[in-house]
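K.L.:
As a plain string of letters, each chain reads:
Protein chains: 2
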Amino acid sequence: MPHLGPLHRGVWAALLRQLLRPPRAVCIRAVGCHSQVAEAVLTSQVKTHQEKPNFIIKVPKGTRDLSPQQMVVREKILDKIISCFKRHGAQALDTPAFELTEMLTEKYEDSCGLMYDLKDQGGELLSLRYDLTVPFARYLAMNKLKKMKRYQVGKVWRRESPAVVQGRYREFCQCDFDIAGEFDPMIPDAECLKIVCEILSGLQLGDFFIKVNDRRLVDGMFAVCGVPESKFRTICSSMDKLDKMSWEDVKHEMVAKKGLAPEVADRVGDFVQCHGGLSLVEEMFQDPRLSQSPLALQGLGDLKLLFEYLTLFGIAEKISFDLSLARGLDYYTGVIYEAVLPPSPAQAAKETLNVGSVAAGGRYDRLVAQFDPNGHNVPCVGLSIGVERIFHLVEQKMKLSGERIRTTETQVFVATPQKNFLGERLKLIAELWDAGIKAEMLYKNNPKLLTQLHYCEKADIPLMVIIGEQEQSEGVLKLRSVASREEVTINRENLVAEIQKRLSEC
Amino acid sequence: MPHLGPLHRGVWAALLRQLLRPPRAVCIRAVGCHSQVAEAVLTSQVKTHQEKPNFIIKVPKGTRDLSPQQMVVREKILDKIISCFKRHGAQALDTPAFELTEMLTEKYEDSCGLMYDLKDQGGELLSLRYDLTVPFARYLAMNKLKKMKRYQVGKVWRRESPAVVQGRYREFCQCDFDIAGEFDPMIPDAECLKIVCEILSGLQLGDFFIKVNDRRLVDGMFAVCGVPESKFRTICSSMDKLDKMSWEDVKHEMVAKKGLAPEVADRVGDFVQCHGGLSLVEEMFQDPRLSQSPLALQGLGDLKLLFEYLTLFGIAEKISFDLSLARGLDYYTGVIYEAVLPPSPAQAAKETLNVGSVAAGGRYDRLVAQFDPNGHNVPCVGLSIGVERIFHLVEQKMKLSGERIRTTETQVFVATPQKNFLGERLKLIAELWDAGIKAEMLYKNNPKLLTQLHYCEKADIPLMVIIGEQEQSEGVLKLRSVASREEVTINRENLVAEIQKRLSEC
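Respectively, the protein sequence lines represent chains A and B.
Quick note: the first sequence uses our numbering, first residue 13, plus one each step.
Quick note: the second sequence uses our numbering, first residue 13, plus one each step.
Don't read these hints as lab results, they were simulated from the structure.
Everything hinted at is true.
One copy or two, either will do: identical chains are not told apart, so a pair holds if it fits within one copy or between any two.
Mimicking DSS-like on lysine-lysine, the simulated pairs with C-alpha atoms at most 30 angstroms apart in a straight line are: (1) Lys330 x Lys253; (2) Lys330 x Lys167; (3) Lys92 x Lys470; (4) Lys439 x Lys158; (5) Lys409 x Lys253; (6) Lys470 x Lys159.
Could you put together the complete structure from these sequences and hints?
P.N.:
Here you go:
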């Protein structure tokens, strides 16, 4: 297309591809995206150096890059989480990013449509993992493991509508801790809740509490309220929206969309608006309706035991027994929980800071059996920390505090005030690297001293080694503290020892 | 299907799905897989507790789980690599696992077919990343960055035929370090080679060397040999196989498959069988054929400068100038390199240990411009460490040495010799966790003391805290060293302080 002028051919091809694709494939920020593309096509013929069109070069919808600043924050958060998992004796595990599609299907209520499938390119049918729990259960069954306490940190993918402001993404990182094995009731479950408390306290995110409920109690409650068994799961998923919607709206969904009788919905409503502590558990034990359901009584019995252990752990006041908690995922069978940060008054005003649930989990006693053709089972309980939401909070907090983040760890900068010292600088810096010292220099034959000083100040590098004609002739070097601007002269051969001494002092 | 007997319905569904699918979607290990499936169907009616069929529960072809033991090895390797990257002043970056397909296409010669595409589920067309270099270039262009020294560690995916024995996978981890920006020639390039040397020495993988060449020299050499320009890339990729195939076989490919004239191939052969050090670079400078190509002379000039810097870094003896090195990826424009572990005589005998290239990289000066509609450019040079191959070597080495790997870091185990001490154990362990001490206990109401002792020995936990009736009545605890079996009595209130003292002593 030579008549199109100075615009790069590849750009034309890309623009045309964009025009030929359905609108939602390209629009993320644009309101009238077709006209924007058309405009770009038109103006690009006029403006040779137009702005790079941001609908061409972008990351996929719902994903993001993490910049070096963000990576520092991310690493700090992950370090805290992982060291807590290790404190509780967990082993590390890694599984592939994708699984055979059939390993994942039927594990997630209402969620199959949210899975990223890989294109059939000949071979197996694959999907990106939706969480780290199902791959863990697959791992246990595949290796016939009857017991394991493991953690796993990794990305998972869900094709949800991204509400990026709230810290929700289509690609996000999860940190999971799970205990698999046949044990006495509620001891591992209590440890999971202890871990959530330790992590959320350790990250200093402010006040938090953990909603707790039991799937058997939910099912028992549905039964005694008269919810038909075929509707249990779908009513569950409506109920799960109670933290985002009012009871009226949830009831409307149950009745109008899911065909529940209004009086049944009202009976459910009586229960799900209850929350409290151990005393509510005991009160529910006395409830004449729930007493009819052995399933509900089992759930209540375990919850009572759980509260006993949580009291011994000193975290009972962080726990709220909440009959509305259902958890969307289909595989839970017993205790379920979800940690929530209540918005502070200041946060409530700025809606963006309300991130909702930051950790969740529960007991899934029948998932491993789904992978074992003999139905051999391994009961499991676990938790998942939602890193993106925590990241969002910590990032906001750091922005507000104006805290400066160092994105490198460089300790020493090798500089020269004169020309023709590249060779000396290369020899010096190699000596530092070989001694394990973190060092940088400018990639210039003859950099200006001021440029080198600025680099150190900008990157917060604490020490400078300076070599010039005078130093070379005397067999010495200058060691400069960037902050205090003090300089001392040291013998060339003492370089590494002197620097190690200085670094151990700071 | 009630007449089918005790076999789980889900298993039947899975078996039927397998039977209905084309064979290559399910068979990986089986030779006659249809008959195996049929046999499984038949025998499952007879044997209720048959072995779990391994074609049903598996990970996708070319991928693997990393067990806790493997994760310990993996983490050690990654720690060494990342600390080297940080020693050289690199910042961390993370990018999504997938990119818009159009961001990746035309970046990899001959490799598009090896990309994992995501299914078009409505929305953008996406592909899993093939390396970390192209996403880095996309990041630079998208954020209009003119300079950056970054590292990135992450998985990449390639649909290659997996030869799992040699440590080749379809999902694998790469560790990349790159320097982007306009600098004086060969200084960042030399640092990249220094980094490869530091990492491979640090990992103690035995002897290694790094092949170095220059893409301009390759192109110049092709031109003076009479290779038609349209065949440069395809002849390049044949040449790249010289480390796996003999020159005769490579020549045959060039002539028979790629249509090169035999005398042209012979001229290429004269060059590509040369390798040596700086002296070979200087010899090539005198070569009357190469002197005709300004491109070749540019490459040779940079290689000479590179050798000068590598000598100052003290690593010149690790470098082999090798005219056969081409590197498959299309984006390289200047210096290219590849680190190789030569098989020791013992390894050569056991073919599985020959893992070939363990690190590679080069200069790619025009990749960023491909993402910028104005063609604004950022020259880059970088390297990539192939973790899987290194992992394979380290794992083999550890197996041979019989070294025992601890997969947890637990410091203290809380035990009791008597019944009814669960409450006390829970209180004690919470105190330890809250003090940051890594602690475990058994999830049993009344575990046997012997079981508890065995657990500690098996998991190499160094310390035990023991509480029983006598200790409780006296307000004391027993602290036992698992290795020496020595026990001391400490005051209950000194628990944390005593343990911290003990742990700081070991």
